[in-house]
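**Q** Using the hints, position chain D against chain F.
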Amino acid sequence: MSTPHPPGPDPASTPSARLPGPALSSAERAAERYTDGEWHRLHPATPLLRGGIVFIAIFGFVLSNLRERLIGFFVGTPEYGGDPLDAIYNHGWEGWALLGVAVVLLLCLGAFYLSWRMHSFRITGDAVEVRSGLLFRTQRKARLDRIQGINIVRPLFARLFGAAKLDISVAGHDANVQLAYLGSALADGLRGDVLRLASGVRAVETEAAESAAATASLDPSATAGMSRTAAVGDLVGRRVNELLAPELDPNAAPPESVVKIPPLRLFGSLLLSGFTVFVLVVVAFLIWGASTGSAWLLIVVLPGLIGSASFYIRRFTKSLRYSIAGTPDGVRVGFGLLTTSNETLPPGRIHAVEVLQPLLWRPFGWWQIRIDTAGHSREKGAAGQPNTTMLPVGDAADVSRVLSLVLPGFATEQHQSLIEAGMSSRGDDDYIGSPHRAIWIRPLSWRRTGFRVVDDAVVLRRGFVWRSLAVVPLARLQSLELQQGPLDAALRLAKTRFHTVSGPVRPRLGAIDAPTAGRLFEDVSARAVAAAAADRSHRWGDGGARDVPTRHEEER
Amino acid sequence: MPERIDLGVGEWRRVSPKYVLVVIASTVITGLVLSAASLFLWLVGGWPFGWVALTVVVVVTVIALIIAPRRARSIGYRLREDDLLFRRGIMFQRFVSVPYGRMQLIDINRGPVSRLLGLADLKFVTAAASTGVMVPGLPEAEAAELRDRLVDLAESRRAGL
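Line by line, the protein sequences give chains F and D.
Using our numbering, the letters of the first sequence map in sequence onto residues 1 to 556.
Using our numbering, the letters of the second sequence map in sequence onto residues 1 to 161.
Chain F with its partners taken away, still in its complex shape (with noise of 0.2 Å):
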């Protein structure tokens, strides 16, 4: 094992000094110097964000606590009360007292020190690597071109520190590679250069990033002669911008594709969702409580409720500041007012996507759309909700919006039209519905049920009263199963299930006519091979990233 070379300038504090025009390009330069396939640390606050301030919040908070019974227990109870400093001064314990505290600063920052040069990380040609410990070293790698996502997360502490995690996810359970903590810029430009080496691009790109860094390289010759004072009114100006700037970086991602959430129509999705009702049922079990005498159920219940309030304020507040872009390296999905995270999905990894529409919501024609992933970031996404919630309210409009991203083969007018369709129609449309007979078992949605496989996804349409519309890219699809229970039988129907990787999305529909839901079957089946073997999105910029929006037209 080779030891990784002493630690270069901490990137967060290098006197580069990054203009406001081209900050990101410094960024990016600042990252380029670490996927050169060696190893490298991370930044020098990691052990102290990770850990420390626990550490010393337990220390405080165990001293004032335990103050008098430490006394007790080192120097036998005094008679006066107990100032552990006079303790000390009254029996000369001077001298003694501070060098235990001096050994004891040393042991922890030696401790930290030590875990934090053990802890370094390199990104090869294929490759991203980990490896950490003290006494027990883990080394954890993951290839590029089976990265699921990479997710940005800066928790309000490290925020105010400038500094970010990076968590690069790849398919299955708990397999994330960490890089916490990176400077909160060299994570931005960190992400970019692992999607590109990811996407394939990269040789080609080499000459033009050569390019860009000998202009580049004329910047700190003109910021070297800034004083120290402006440096250090820069630096906090950084941090106080880091804070307010909205999560995605204009630079990086077109700005009119972000779909905006008010505020007030967040606060009001959250209001008219399933855990209101429970809230107001337990609200009116308890006045009927009252009212029949047995008060008592209000001290049992009451900090539930109190509990519930600071639910919704949690749940507001992780969702503000929600934004979603497209950049070339995949979908941007950023939330979070004081804890931010901001997670890119590269082309291909929506496994499925489904728009619904709880029956409370659909006065005000709001819909929320989910994904299924194969990776899964160990970072909560909005509202501590799991990162597969892709649009936690939004109207019409903003459902397209966001399925033109996340479906890139979607974005055409009649793609469009289908899904809206998909959405609000009640049924008689050119999607294949189910026959009368289905009112058996489908008594109120049997005419909305359908489905329609267009180029290579399908879309499944179901739901009266909880409208739901699943689309799975069938490049995507694991397996495919058909079923047939007595009472479909009975009724020549049949259900179908699409079988993709967990997730909040289970594509499936019952009721089909039998002999169609047969034709569905070998149909699927077979266009979901041919859409496997010409999927080539996991290098998705090879040969140009733009043939991936179009493959449907090249499959023909």
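Honestly, the hints are just simulated from the structure, not real lab data.
There could be a bad hint or two in this list.
[Unchecked claim] No more than 30 Å apart at the CA atoms, straight line, and that leaves these computed lysine-lysine pairs for BS3-like:
| no. | chain 1 | residue 1 | chain 2 | residue 2 |
| --- | --- | --- | --- | --- |
| 1 | D | Lys123 | D | Lys18 |
| 2 | D | Lys123 | F | Lys495 |
| 3 | D | Lys123 | F | Lys141 |
**A** Just chain D, lined up with the frame of chain F:
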């Protein structure tokens, strides 16, 4: 007469006729264990409805034994050009198509009764947990040969996730 699904793919490859014995053995064992439990509850535990439970267990076991041969015969699979087709069930029919490129790994399992009869179960795992395709009761040599063939096919049609 209800109309059952017919995919019109021709003849299915069936599992070994000896597999019926495995089904019968497992049904009998389950029936015995459950009968013993309900007997215990009835006679020792003093549960008044113990005899009802016992009757239900016995009746269900007998029915399961009667339809065991049909259940075993209902299992079938086909190796098509690009995917594996699997079916099972009489009352609740289930057809699954797994493209070869989607197979992540293939398990061979052998229970005690299967081992006595020289049979093995082949289980296919994809990235989707719900796929759940298991072809039981294949003669051991055939199972090994099928596995090797499928691994080759999966390798030659390897697709991403």
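**Q** Check each numbered hint against the structure and report the violated ones by number, ascending.
**A** none
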